[in-house]
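Asker: Residues per chain, in single letters:
There are 2 protein chains.
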Amino acid sequence: MKKLINDPARYVDEMLEGLVAAFPGLSLGGESGRCVARAQPARDGKVGIATGGGSGHLPLFTGYVGEGLLDACAVGNVFEGPSVQSCIDAIKAADRGAGVLCLYGNYGGDRMNFDMAGEMASADGIECATVLGADDVASAAPDEAEKRRGVAGIVFLYKIAGAAAEAGRDLSEVAGVVRRAAENTRSIGVALSPCRVPTASEPNFRIGDDEMEVGMGIHGEPGISRAALATADAVADIMYERLAAELPLRPGARVAALVNGLGATPLEELLIVWRQIARRLGQAEVTPVTPMIGNYVTSMEMAGASLSLMVLDEELEALMAAPASCPFWTVSP
Amino acid sequence: MKKLINDPARYVDEMLEGLVAAFPGLSLGGESGRCVARAQPARDGKVGIATGGGSGHLPLFTGYVGEGLLDACAVGNVFEGPSVQSCIDAIKAADRGAGVLCLYGNYGGDRMNFDMAGEMASADGIECATVLGADDVASAAPDEAEKRRGVAGIVFLYKIAGAAAEAGRDLSEVAGVVRRAAENTRSIGVALSPCRVPTASEPNFRIGDDEMEVGMGIHGEPGISRAALATADAVADIMYERLAAELPLRPGARVAALVNGLGATPLEELLIVWRQIARRLGQAEVTPVTPMIGNYVTSMEMAGASLSLMVLDEELEALMAAPASCPFWTVSP
Chain A
-6 MKKLINDPAR YVDEMLEGLV AAFPGLSLGG ESGRCVARAQ PARDGKVGIA TGGGSGHLPL
54 FTGYVGEGLL DACAVGNVFE GPSVQSCIDA IKAADRGAGV LCLYGNYGGD RMNFDMAGEM
114 ASADGIECAT VLGADDVASA APDEAEKRRG VAGIVFLYKI AGAAAEAGRD LSEVAGVVRR
174 AAENTRSIGV ALSPCRVPTA SEPNFRIGDD EMEVGMGIHG EPGISRAALA TADAVADIMY
234 ERLAAELPLR PGARVAALVN GLGATPLEEL LIVWRQIARR LGQAEVTPVT PMIGNYVTSM
294 EMAGASLSLM VLDEELEALM AAPASCPFWT VSP
Chain B
-6 MKKLINDPAR YVDEMLEGLV AAFPGLSLGG ESGRCVARAQ PARDGKVGIA TGGGSGHLPL
54 FTGYVGEGLL DACAVGNVFE GPSVQSCIDA IKAADRGAGV LCLYGNYGGD RMNFDMAGEM
114 ASADGIECAT VLGADDVASA APDEAEKRRG VAGIVFLYKI AGAAAEAGRD LSEVAGVVRR
174 AAENTRSIGV ALSPCRVPTA SEPNFRIGDD EMEVGMGIHG EPGISRAALA TADAVADIMY
234 ERLAAELPLR PGARVAALVN GLGATPLEEL LIVWRQIARR LGQAEVTPVT PMIGNYVTSM
294 EMAGASLSLM VLDEELEALM AAPASCPFWT VSP
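As you go down the protein sequences, you meet chains A and B in turn.
Numbering-wise, the first sequence is residues -6 to 326 according to our numbering.
Numbering-wise, the second sequence is residues -6 to 326 according to our numbering.
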């Protein structure tokens, strides 16, 4: 886990400087100095989409600021939630006079700070609504779904939210369709190796050379089992079956699908995993619509993969297909 | 270096099955079964662009098949050149009646097999031209540039070739502009950790916990020096200065730039490297045009990064900006 960095304490700020140096469509600012927003704000009257979260997960969170996606992102330190001030900055940057949807992962610190920021924004006349990404089936039982962590499925929610907002829907409509998308989205991951927070001297967990952790969170939170490393097909089966147990994958269903790399797993291996997921979907007579395969939500140099599925209806499918463009993901018309 | 795979001997074929299962714009076929081509061939009369190479470098090579880029790719085993038959398959799949440019990296086996395939295609009436990617400054001295390896700079050449062909230029014009692009392109990489070929039991090289290899090739070929791991800024400086020594980075120049991850290096770190490259370019009064930051050419789970620069003229800049779309890279109009 050797790192190409300078001062570990400047990791996030230097990353952000590099980000806006590379992509002139993004601006870095706010009172916190930790808010990334579109350099060209969206038109007046569009519902704003704000997010935020800890660093170390690129392209998540801040890499999804762009047309048809997010308006602004509050940026925390590595694996730490964003400050209240950066959440306020993101809400203000996203505001175009039609209210702001705060859409972020279900983590305690993020919720507390976004809730406080939302109250302060409301006092300033900015109407806010909130939808949480809580798609990780491994993090709590189905009857405690409100305790579940957000993982890679939030990328679908960003797409739905961004497309609904660009289409001119009002805040309650945008929040409503994103909630429906969230209810239809589930994820699970498998970790093979840890990562190391730049300011730490040790990896964030230990795992044997022949082990995998099923259901591990993107900060190394414990999963549901530690098992012998299995084949790609077996791992794909485990992930598919956990999601199929909770989603209505009936014959004729259509799904958005993401096989996500956690950082150090080669694209080749993600495609081998996808091969088996595609077979399972085919056996279930479920059609994947423009599957996404790659590193969309990472834990720096962690090895492993996750599967996210969102069951589509006509409206969700149309919103997924709408054009979008950010530095690390493009959906062409 | 735990892998999400099934049978190591089936790594490449299963990867290809996953690729075409994920991306219906690609087809897998040819007599070799190892040729990836556009599912919808380009229009008659377009110059074909064929490439090929060993597996283990995704998105390179086969991930760049798509509109405005490649027509077909011959796929070898991991870190092994494609067979003559797969090269023939790629040339035939790329042929739309206006000749085919064979554009691939400067490796002995690839050259031998593509040369033989080109001769056989010529006998079948398909005119072929060849341009080699040989951008790695660390692999031979400037006066032996014909010995240099091809690394990430070939992505620029794919873009130039694809755009020139889509614009309706003839084979000699396409080959001419790609040769000029190649003459203006240089790359260098730094490796921090090895990878493991799926059929091997050991990593492809050894390196100390506090070391880096400057100039290492994408198969683990030795570089120009092994040194103590330096800061991101120092690594960026080393890479920038090696390229600046060979390229006319004069005030007012415009360049295409790629900070490429070799597989396991987080996007955050690539952005920190870019931050310093951008500063150096700024000091030299050189303007980077839409820099690319990410995993474009990998060595499976190798950690490290490379820098590629191509000095632009008006024509090359226009070709870089032309629309293009493949599974892992989109250039929007």
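Hints in this document: simulated from the structure, not taken from any laboratory.
One or more of the hints may lead you astray.
For identical chains, the list gives no copy identity; a pair is met inside one copy or between any two copies.
Unchecked claim - Once the Cα atoms are required to be at most 25 angstroms apart in a straight line, the calculated SDA-like pairs of lysine to any residue come out as:
hint, residue 1, residue 2
1, 140, 234
2, -5, 234
3, -5, 217
4, -5, 52
5, 140, 193
6, -5, 272
7, 140, 245
These numbers come from a predicted model, not from an experiment.
Asker: Any hints from earlier that this structure breaks? Give me their numbers in increasing order, please.
Answerer: 5, 7
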